[in-house]
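Colleague: The primary structure of each chain is shown beneath.
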Amino acid sequence: MTNHWIDFQNSDVILAMGSNPAENHPISFKWITKAIEKGGILINVDPRFTRTSSKAHIYARLRSGTDIPFLGGMIKYILDNDLIYKDYVVNYTNASLLINKDFKFNDGLFSGYNPETRKYDKATWAYQYDEAGIPIKDPTLQNPNCVYQLLKKHYSRYDLDLVTRVTGTPKEDLLKVYKAYASTGVPGKSATILYAMGFTQHTVGTQNIRAMSMIQLLLGNIGIAGGGVNALRGEANVQGSTDFGLLFHILPGYLKQPVASAPTLADYNKKFTPATKDPKSLNWWSNTPKYIVSLLKAFYGDNATKENDFGYSWMPKLDDGQNASWLMIFDEMSKGKFSGFFAWGQNPACSGANSNKTRRALTTLDWMVNVNLFDNETGSFWKGPGMDPAKIKTEVFMLPCASSVEKEGSLANSGRWVQWRYKAVNPPGEALPDGDIISELCLKVKKLYETEGGKFPEPITKLWWNYFDEKGHFSVREIAKEINGKWMLDGKAADGTEFKKGKQVLNFTKLMDDGSTCCGSWVYSGSVSDTEFLTMRRDNVDKSGIGLFSNWSWSWPINRRIIYNRASVDPNGVPTNPNRVVIKWDAENKKWLNDVADNAAPPLTDEKGGKLPFIMNAEGYGRLFGGGSLNDGPFPEHYEPLECPVEKNLFSSQRINPTIKMFSEVGESSEGKDVYMTCNPKYPFICATYRVSEHWQTGVMTRWNKQLIELQPQNICELSPELAALKGIKSGDKVVIKSPRGQIDTIAIVTSRLKPFIIDGKTVHQVGTTWHFGWLTPSDGGDSSNLLTPTVGDANTMIPESKAFMVNIERKG
Amino acid sequence: MELTRRDFLKISGATVAGIALSGAGFGIGDSTTAYAAELRTKNATVTTTICAYCSVSCSILVFASEGKIINMEGDPDAPINRGALCSKGASYFQTVSSESRLTKPLYRAPYASEFKEVTWEWALEKIAENIKKSRDASFMEKNAKGELVNRTNGIASCGSAAMDNEECYIYQKFLRSLGLVYIEHQARI
Chain A
13 MTNHWIDFQN SDVILAMGSN PAENHPISFK WITKAIEKGG ILINVDPRFT RTSSKAHIYA
73 RLRSGTDIPF LGGMIKYILD NDLIYKDYVV NYTNASLLIN KDFKFNDGLF SGYNPETRKY
133 DKATWAYQYD EAGIPIKDPT LQNPNCVYQL LKKHYSRYDL DLVTRVTGTP KEDLLKVYKA
193 YASTGVPGKS ATILYAMGFT QHTVGTQNIR AMSMIQLLLG NIGIAGGGVN ALRGEANVQG
253 STDFGLLFHI LPGYLKQPVA SAPTLADYNK KFTPATKDPK SLNWWSNTPK YIVSLLKAFY
313 GDNATKENDF GYSWMPKLDD GQNASWLMIF DEMSKGKFSG FFAWGQNPAC SGANSNKTRR
373 ALTTLDWMVN VNLFDNETGS FWKGPGMDPA KIKTEVFMLP CASSVEKEGS LANSGRWVQW
433 RYKAVNPPGE ALPDGDIISE LCLKVKKLYE TEGGKFPEPI TKLWWNYFDE KGHFSVREIA
493 KEINGKWMLD GKAADGTEFK KGKQVLNFTK LMDDGSTCCG SWVYSGSVSD TEFLTMRRDN
553 VDKSGIGLFS NWSWSWPINR RIIYNRASVD PNGVPTNPNR VVIKWDAENK KWLNDVADNA
613 APPLTDEKGG KLPFIMNAEG YGRLFGGGSL NDGPFPEHYE PLECPVEKNL FSSQRINPTI
673 KMFSEVGESS EGKDVYMTCN PKYPFICATY RVSEHWQTGV MTRWNKQLIE LQPQNICELS
733 PELAALKGIK SGDKVVIKSP RGQIDTIAIV TSRLKPFIID GKTVHQVGTT WHFGWLTPSD
793 GGDSSNLLTP TVGDANTMIP ESKAFMVNIE RKG
Chain B
135 MELTRRDFLK ISGATVAGIA LSGAGFGIGD STTAYAAELR TKNATVTTTI CAYCSVSCSI
195 LVFASEGKII NMEGDPDAPI NRGALCSKGA SYFQTVSSES RLTKPLYRAP YASEFKEVTW
255 EWALEKIAEN IKKSRDASFM EKNAKGELVN RTNGIASCGS AAMDNEECYI YQKFLRSLGL
315 VYIEHQARI
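In order, the protein sequence lines correspond to chains A and B.
Just so it is clear: in the first sequence, position 453 is 465 by the numbering used here, and no numbers are missing.
Just so it is clear: in the second sequence, position 60 is 194 by the numbering used here, and no numbers are missing.
Just so you know, these hints were derived from the structure itself, not from any lab.
Certain hints may be false.
Selected chain B positions facing chain A (Cβ under 8 Å, derived; list incomplete) [said to hold, decoys possible]:
hint, residue
1, 177
2, 185
3, 241
4, 250
5, 295
With a straight-line cut-off of 27 Å between C-alpha atoms, the simulated DSS-like cross-links for lysine-lysine are [as the list claims (entries may be wrong)]:
hint, chain 1, residue 1, chain 2, residue 2
6, B, 266, A, 456
7, A, 602, A, 183
8, B, 267, A, 349
9, B, 176, A, 349
Glycine included, every Cβ here is placed at the ideal spot set by N, Cα and C.
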C-alpha cells in the first residue's frame, strides 16, 4: 500500500473494486466504517453482491475481466468534464511531457509490435528531450504530443455505450460511480482504491492497477491522507516475503535479479541504475550501487572484496529474458527439468493453476522437501486421487514446523508496518521454527562442500552465516540486525560522520558502495539500532492528527507511513488539505513536520534543492503515460480474458492481450494438458474463484480447525436464480463445476447476489466458487477449484487468470 | 460490573513477559480483585503476537501457563484492531493446538505407500546430500550463448508468505547461495 489500514478513515470516497474487504480483511472494515461515520461514502464494484456491497452507498456490477473498460470510462468522464486536479496534474505528473512523435496506437496495438515474438519494441514509448537531456514539457497541456492529449485521445474510445455493452454495467450505475469518485479531484477531498486479487488475477491484471493509479494521479489522490493505491494483500507476511525477494526477478529490497548480459558488478550497475539530467528529480534508484554492494557484503561478509567484485560472480544469473516464475516452474517441472523441489510453507497442489498439471508435475521429481504445520495435498500428492504410489519415485520429506506463536520474528503487513511477534510456548513434539530448519540445512550443505568439494563450491563455502547469540543458539535477532545493516569496518559515512565496526547502520542514507557497509534489505534499514528493535515499539498514542501511529512498530521506508507524501503539499510546501496534514514545511527550521517526508529535501520551488514528489521514478513525475515500464503498453487497453463468453473484443481486433505467453491450445483434458476453450457452448458460464471469511487460501491452516470447518464445511457454487432455473438446481444440491481442464464437486447456493449480465445484447451468466478446499480433508469438502483454472498469466507478472475462465455446471444425482 | 477488557487483564494478576500492558490507572474494589483471582489466566505469562492469516496484521495476546497456551484474544492496545479479531484470528488457538499438527519429521521413500517417522538428523543429512547431488548434476557455469551464469537449473522452490521476515531473508540467501533462480511463492499467484 502507499498508505495504510487506519488511513482509510481519512477518505471521503472509498472504492472497493477487485476486493471484498468485509469478507477477506474483516477487521479493516473498522476503518471504512470510521470514514463513513465522518461522512465518507463507500463504492463497491464487483460481479457479485458481496458483504462489502451490502455496506456500500453505491454498488455496481461488472462482468469479470472488464475492469479496464469500466475504469477507462471513468478516465474519459474525468477528462471530458474537466474534473482533474489541475495543479497536481501539471506539477506532479507527466501529463505535460511530450512523447516521441512516432508513438502510435491503432486497433488494439501500440507502435513497435512484433506478432512473431508477441513482444513490443518500446523505443517510441519515450519522452522527447531537450539538448540538456531534460524532458520537454507543455504546461498548457495543449500540444497534441503531450501525455495529456494522448491520454484524452486513447480514452475517447471508452464511451458509455461501448463500456456498458462490454461490462454489462447499467449506464446509470457507471455514471453514479464516476460522478462520486471524480468529485475528489479538488484539494481537501480524498479518495482511495482498495484492490486485491479481483484486479490482479487477470491477463491484464497489472494494467487494471495502472488504470486505477492513473485515475488517482488525475484526481490528486496519491500521497495524501485518505488517498493512495492500496493493495489488500492476502497473507500475514506476503509483504515481507516480497520485500525480501522470494521471487525470481528480484533480490531483497526490490533490487533487480542479475542477468547474464551483466557479468560484472559494473555492468549490473550500468544496466540497472537509472539516470536523469533533471536537477529537480531525486531519482532515488540512483543509489542502486550502494544497495547492491551492501547486499553482497551481507551475503559474503569479509569474503566479498573490491577485488572479487564483492562476490558478484557467485550470485546466480538468469538468461536475459528468462522467465522463471510460478507458471514456468510447473511447466518446466512437467517436462522433467527439476530433480529437487522445496514446497516450503506452501501448497501448490491446490494453489497452482491447472492443478492436474501441477500434481502430475510433482511426480517427475526425485525429491521434495515439504515444510508445514499440517499434512497437505502437496506433501501427500503421491497418494492423491488418480495417483498410484507404486509408480511414483519421488522421495518426500514432510518436516514439522513451528507456528507463529512458537517462535519470534517480525512481519510486514499490507501497510508496510513491520511488527515484532514473540514466542509464547515451544512448538509441539519435535516441530522446529522454519529459521532453525533453514539454518541447520545450510550448515549441513556447507559442511558437505567443505569436506567433499563439488561443483563451484565458493558461493556456499564463502556464504556468511552468523546467526548465533553468545550462547551459540540460532538467533533471529542477529538476522534482524544484519537486515538493518552494519558497519564492516571503522568507517565514515558520506556526510563525514564516523562509525565503528560492528555497529548498526543508522538507515539506508548511510549505506556505501565501497564495502564499508552490509545490509540485508535497504528498505528495512533503520529498523534495528544499536539499542532498539524499532519494530517492537508499542506506543499507541497518535500525535499526527491523521492516525499515523508513528511510534507503534516501524514502517518501511524509515518509518514513513504515507509514501509519495511530497504530493500532499503544493510546490511551496503548504499542505493542500489543512484538515488532514501529512507533512508541512517548517521554513524557519528548514525541516518537514509530522510524517517522515518523502524525502528531506526542501519544497519543489526551492531554487537550490527543491525536488519532485515521485522519487522512485527517474523523471520524478507520476506516470500517466507508463513509458516502457510494462510489456503490454503505456496505457491500459481492454483485451478479453483467454476464456471469455464473447467472440470478439468490441474495442479492437485483438481479442486477447497480444503479449501474454500462450501455454495452451484449444481443447479439453483432465490429465494436466494446457488447454482452453473460449466462447464455446460446452462451457458457457464465466467462473471466478474467491474466498470466504472463515477459510484462508488453500485451507491448510483452516480445514483442520474444527470450529472453522463447522462454519464452512464444503466448497460451494454460487449461482443466480435465473441460472438455477435453467439448470434445475436448488440450494443444497450437489453441483459439478467443469472446465476444459477438470471438475470439482460443490454444494449449490442459489442467490440473487448474482444476476445474469447483458453483454452486447446477449445474456451471460457468471458463477463463483472458493479455492479453500482440497482432497485431503474433509472427505466431503470437495477438491481444489484450481483444477478448473487455466495456465495463463498476466502479461507482466504472470499471475494466473483465476478470476475469469469458462465453465459448465450440472446438478449431480 | 463495568469493566473494560483491559481492566480484566490488569487485575487478573497476569504476569507480563516482554511487554507492558498500557492502561489508565483506576480504583479497584475488593470484590473485583476477588472475582479476578479465579480467572484461569491468573498466573499466565502474556506475550503479544500478530495473527497468522491475512495482511491486516491484528495483534493478539497469548496467555500461556506451564508451557501450554490457555487463551488467545485480541490485543486492546493495538491501533489497527483494538482488540477485535475475525473468525479466523479468533479461532487461531484451535489451529495451533490441533491434534493434527505435524510433530515429527516424516519420510516417504520412492514407490512407498506410507510415510514413516524419521529423526531430524537423518532427514536433514539426507536432504543435504540430495541438494548437493541435484546441484552438482545440474549446475550450469555458462549458458548456451557462452555467458557466465553460475546457476543451478535442477532445483526449484516455492514458499513462503507464512514465514517471518528474518526467515524469508535467510531462506532466499540460502537458495541463492545454492545457485537457484527458480524461486517463487504466494505473491505470484
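Colleague: Check each numbered hint against the structure and report the violated ones by number, ascending.
Modeller: Hints 1, 4, 7, 9 contradicted; others consistent.
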